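S.K.: Once you have looked at the hints, place chain B on chain A.
Number of protein chains: 2
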Amino acid sequence: MGIHIGIDLGGTNVRVAIINAQGEIEEILHETTEAEKGYEHTKEKMIQMIENIRGNKSIDGIGIGAPGPLDPKEGIILSPPNLPGWDNIHITDDLEAHFETRVQLNNDANAAALAEAKFGSGKGYESVFYITVSTGIGGGLVIDGTVFDGAQGYTGEIGNMILDPHGYQQSNLNRGSLESHSSGTAIGKIAEERYHITGGAEEVFRLATQGDEQAVMVVNEAIDYLAMGLANITHIVNPAIFVLGGGVMKSEDLILTPLKEKLKSYVYPGLVPAINITVASLGGEGGVIGAALLAEQ
Amino acid sequence: MGIHIGIDLGGTNVRVAIINAQGEIEEILHETTEAEKGYEHTKEKMIQMIENIRGNKSIDGIGIGAPGPLDPKEGIILSPPNLPGWDNIHITDDLEAHFETRVQLNNDANAAALAEAKFGSGKGYESVFYITVSTGIGGGLVIDGTVFDGAQGYTGEIGNMILDPHGYQQSNLNRGSLESHSSGTAIGKIAEERYHITGGAEEVFRLATQGDEQAVMVVNEAIDYLAMGLANITHIVNPAIFVLGGGVMKSEDLILTPLKEKLKSYVYPGLVPAINITVASLGGEGGVIGAALLAEQ
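Just so you know, the protein sequences line up as chains A and B, in that order.
Numbering-wise, the first sequence is residues 846 to 1142 according to my numbering.
Numbering-wise, the second sequence is residues 846 to 1142 according to my numbering.
Do not rely on the hints blindly, as some may be mistaken.
Treat identical chains as interchangeable: a pair holds within one or across any two.
Unchecked claim - Below are the SDA-like pairs computed for lysine to any residue, each with C-alpha atoms no more than 25 Å apart in a straight line:
#: 1; residue 1: K1107; residue 2: Q1014
#: 2; residue 1: K1107; residue 2: N1017
#: 3; residue 1: K918; residue 2: I1120
#: 4; residue 1: K1107; residue 2: Q1015
#: 5; residue 1: K963; residue 2: N1017
In short, the hints are calculated from the structure, not lab data.
Note that this is a predicted model, so its numbers are computed, not measured.
Same shape as in the complex, but just chain A (with noise of 0.2 Å):
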């Protein structure tokens, strides 16, 4: 029995860590990613801290939790915006050719989403649909204790899903998305337009919580919105439980429970009994946890 290593690849670093059978990291090291130097300074980065890492064990398999957009069947990176100027990279091929072990690559929502269905708050249920919800906003599904990427691999960009044609609209996302109006930017965008307040969604939930009625509003519209994602997707893939991470998810108080109420009203009453929304267990360590369990799929 070799060891299973997690690569948690980020715009700003790169995590590599060995995961036991019980989901835990035994062994994790950190570096910058250092993404603007080129893929092939990472590239030889990442290898020397899997060597590092490993000493002399065997390896079973290698994951990659990465920024998308991403081919997890080809396991190819495609130009994502986190990682610039990281174009059609073979990274599974990279290091499959250099450790001569099975790799695979997944987007880091993903791998995030599998580490809470197998080791988080979604243990033991039949499907999960993790959220995160920080400067932007996506997801993962994983039935069975598998992802399901869909044909394309875009199953859980929700950040994209059109809830108002009407609304606001971020950056290439659809008008009215769910990340125009409910992420961590969106918040700080909408706070500042509205009302004058600056410090981004960090300075608007500080107020939100000390009562500030404009602040408030901006909380409650962007939670009434999350609310409504969490009814479309339940109508499409009606998920045993859905768990929140990222940022925006450390002001639980605040919005949770709103949320769960706000859910039931938008969903058929059926379903108002079997709401189940609960908050990520793994937090940051999810990602490279859930990367070390993406060699197992």
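M.R.: Coordinates of chain B only, in the frame set by chain A:
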């Protein structure tokens, strides 16, 4: 080897058929449902129809497609609007007791989805999202040849998907829901309200085909919302193919081409070349064929 029986239980008619291994109807019987006479009456009628069609053949499995809401896991019909007075009907228990064979229940859209995925337009695709656009809008998701019901059986209840919080509202659905904008009922109501066009969706389509500007506007708006709905499904589960059925899809030329164009504008650029929408090929027979296939699940 015994026979497989499919039952298509509708609000108006009930059909019982023997379906062979190629998904073809070998024999079929039709009767009026007479739901208003109560479940026991219709149950006896269905039992008699099955006895008549089986002759002296042994039965390997029975599947029932029925109007929702229902509980597919427990095999219970739950007060559907289309079967008034039928509350908590344990239909699979009753038929299993009589025929001493396995009986599976699912909603009519899921049954049709399964038939299209196995023997219709979705054949050969890993994931098929079937959508029926008729007086209402429903659907079903088939993954690897199996209906994906979701935790409470609400997968595919896409008519209630929110697309516009300031939009129209039909009956007890969400305001701005897909069904409130793109169903036959919605098209008829919107045309009447705005332009005093009477005669329902059929008349609106007739006028639109003749180039009537007002009718064309109503149809195009309905297609726009349908495209948003398909975009949302794509960004949530990314099915390999959409199969569209139901009365409204008879106006194929009027709908399918503009629908594809609209959908292109609502999905991530990487998905545009992969857009795959087709019309159901089994027509009205999909329901009873799919019902029989449920028994194999």
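S.K.: Output the numbers, in ascending order, of every earlier hint that fails for this structure.
M.R.: 5
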